[in-house]
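Colleague: Chain residues, written in single-letter form:
2 protein chains.
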Amino acid sequence: MDRKAAQLQTIETLTKAGLVLTEDEMQRVEIADFGLDRLEQEGLQLITYENNSHYCAKELVLFPNQTCPEHKHPPIGKTEGKQETFRCRAGKVYLYVEGEPTESIQATIPRESEAYYTVFHEVELNPGQQYTIPPNTLHWFQATEQGAIVSEFSTTSRDEYDIFTNPDIKRTP
Amino acid sequence: MDRKAAQLQTIETLTKAGLVLTEDEMQRVEIADFGLDRLEQEGLQLITYENNSHYCAKELVLFPNQTCPEHKHPPIGKTEGKQETFRCRAGKVYLYVEGEPTESIQATIPRESEAYYTVFHEVELNPGQQYTIPPNTLHWFQATEQGAIVSEFSTTSRDEYDIFTNPDIKRTP
Ligand SMILES: [Zn+2]
Ligand SMILES: [Zn+2]
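Protein chains in written order, with the working numbering: chain A, 15 to 187; chain B, 15 to 187.
Careful, some of the hints might be misleading.
Just so you know, same-sequence chains aren't split out, so a pair can sit in one copy or run between any two.
[Unchecked claim] Here are the computed lysine to any residue pairs in the SDA-like style, where the Cα-Cα straight-line distance is at most 25 Å:
1. 18 with 142
2. 106 with 32
3. 18 with 143
4. 72 with 174
5. 92 with 35
6. 106 with 38
7. 106 with 37
8. 30 with 67
9. 92 with 135
10. 18 with 137
11. 30 with 114
12. 184 with 152
13. 30 with 55
14. 92 with 182
15. 92 with 170
16. 18 with 141
17. 30 with 106
18. 92 with 31
19. 30 with 140
20. 184 with 123
21. 30 with 172
22. 92 with 137
23. 92 with 120
24. 72 with 149
25. 72 with 94
26. 184 with 51
27. 18 with 138
Keep in mind the hints are simulated off the structure, nothing from the lab. If you're wondering where the values come from, they're calculated on a predicted model, not measured in any experiment.
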């Protein structure tokens, strides 16, 4: 799937869920394949509504069975790492964070990068459910076959500082 | 309209727009009549998804033609006042902030409290449109006859410090 097709699918997914973007926002829909070139397996689509020195709000779209690769948000200078609240709006998401590993996880770890998924404490998020990920904590997440929309409320985003477990990943949209 | 009816109408409004609340959140839907006892004219319904020491996310629901009275969020000690980003999700909102008064405003100022509306720089928000209100800036807003849903992204909420222009207002939900 090319960038343009991914943008259109993202806009369609949001529209079907009743979420409206302006024309300008439609142009700004970000397609993140993390430099892995297998977007449908490992990737994320997002639109940033607001990102200022205090808070940030985005809508994240996951295509069916798509995985956002494991990463964390480290402290930057004297500033704590980014803290994220994920609120599931549509579909279903399996979120994995540091902590007691869940015995039998529901997600399927992407085959090509199996070694780079290392935290397995599972949080299932259905519409209306949310979870807050503390700063500097490894996490990854996967949509089920229905795909998903997740509202992200957080402290300031500085994506270029994110640390991914997979050393091949380059976070340049 | 009593509190229970207002809660039900709020939940119905959100549900119709495809926004899902958990059972617990439905119980927590806040009905703010600001102590004026004329909710349908001056009031606000809201659900707080997250409010921590860094950021806050809420859904605001306005019934048809309902007005949220003029107020501002002052600094608290060394902390700047609350900064709010309003994103219209459904319906239409007229927002008024400090600045050059708009010549002929589209909202109808609530008759009983006309003297307590003093800023008239108009911002019209349709679905997908948003506006960020700086700290310590007077603002008020009104839905059109369709009502409205507004996502609020902001710094920490401390409602008890809000300053309303109308001295009769008590912000105790
Ligand atoms: Zn993250
Ligand atoms: Zn306010």
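Colleague: Does each hint fit the structure? Answer for all of them.
Modeller: Checked hints:
1. 18 with 142: between (30 Å within a copy, 21 Å between copies)
2. 106 with 32: both (17 Å within a copy, 15 Å between copies)
3. 18 with 143: Between copies only: 23 Å across, 31 Å inside.
4. 72 with 174: within (16 Å within a copy, 28 Å between copies)
5. 92 with 35: neither (35 Å within a copy, 36 Å between copies)
6. 106 with 38: Answer is between: at 19 Å across copies they meet the 25 Å cutoff, but 28 Å inside does not.
7. 106 with 37: This pair counts as between: shortest inter-copy Cα distance 18 Å, intra-copy 27 Å.
8. 30 with 67: neither (32 Å within a copy, 34 Å between copies)
9. 92 with 135: neither (29 Å within a copy, 38 Å between copies)
10. 18 with 137: neither (32 Å within a copy, 32 Å between copies)
11. 30 with 114: neither (36 Å within a copy, 38 Å between copies)
12. 184 with 152: Intra 17 Å, inter 44 Å, cutoff 25 Å: intra-copy only.
13. 30 with 55: within (22 Å within a copy, 33 Å between copies)
14. 92 with 182: neither (28 Å within a copy, 44 Å between copies)
15. 92 with 170: both (14 Å within a copy, 20 Å between copies)
16. 18 with 141: Cα proximity of residue 18 and residue 141: across copies only (24 Å, versus 28 Å in one copy).
17. 30 with 106: both (15 Å within a copy, 20 Å between copies)
18. 92 with 31: Intra 39 Å, inter 41 Å, cutoff 25 Å: neither.
19. 30 with 140: both (17 Å within a copy, 18 Å between copies)
20. 184 with 123: Within. Shortest intra-copy distance 20 Å satisfies the 25 Å Cα cut-off; inter-copy 53 Å does not.
21. 30 with 172: neither (30 Å within a copy, 35 Å between copies)
22. 92 with 137: neither (30 Å within a copy, 37 Å between copies)
23. 92 with 120: Intra 37 Å, inter 46 Å, cutoff 25 Å: neither.
24. 72 with 149: The answer is both: 17 Å in one copy and 21 Å across copies each meet 25 Å.
25. 72 with 94: both (20 Å within a copy, 23 Å between copies)
26. 184 with 51: For residue 184 and residue 51, only the intra-copy Cα distance (11 Å) is at most 25 Å; the inter-copy one is 56 Å.
27. 18 with 138: For residue 18 and residue 138, neither the intra-copy (30 Å) nor the inter-copy (31 Å) Cα distance is at most 25 Å.
Hint violations for this structure: numbers 5, 8, 9, 10, 11, 14, 18, 21, 22, 23 and 27, all remaining hints satisfied.
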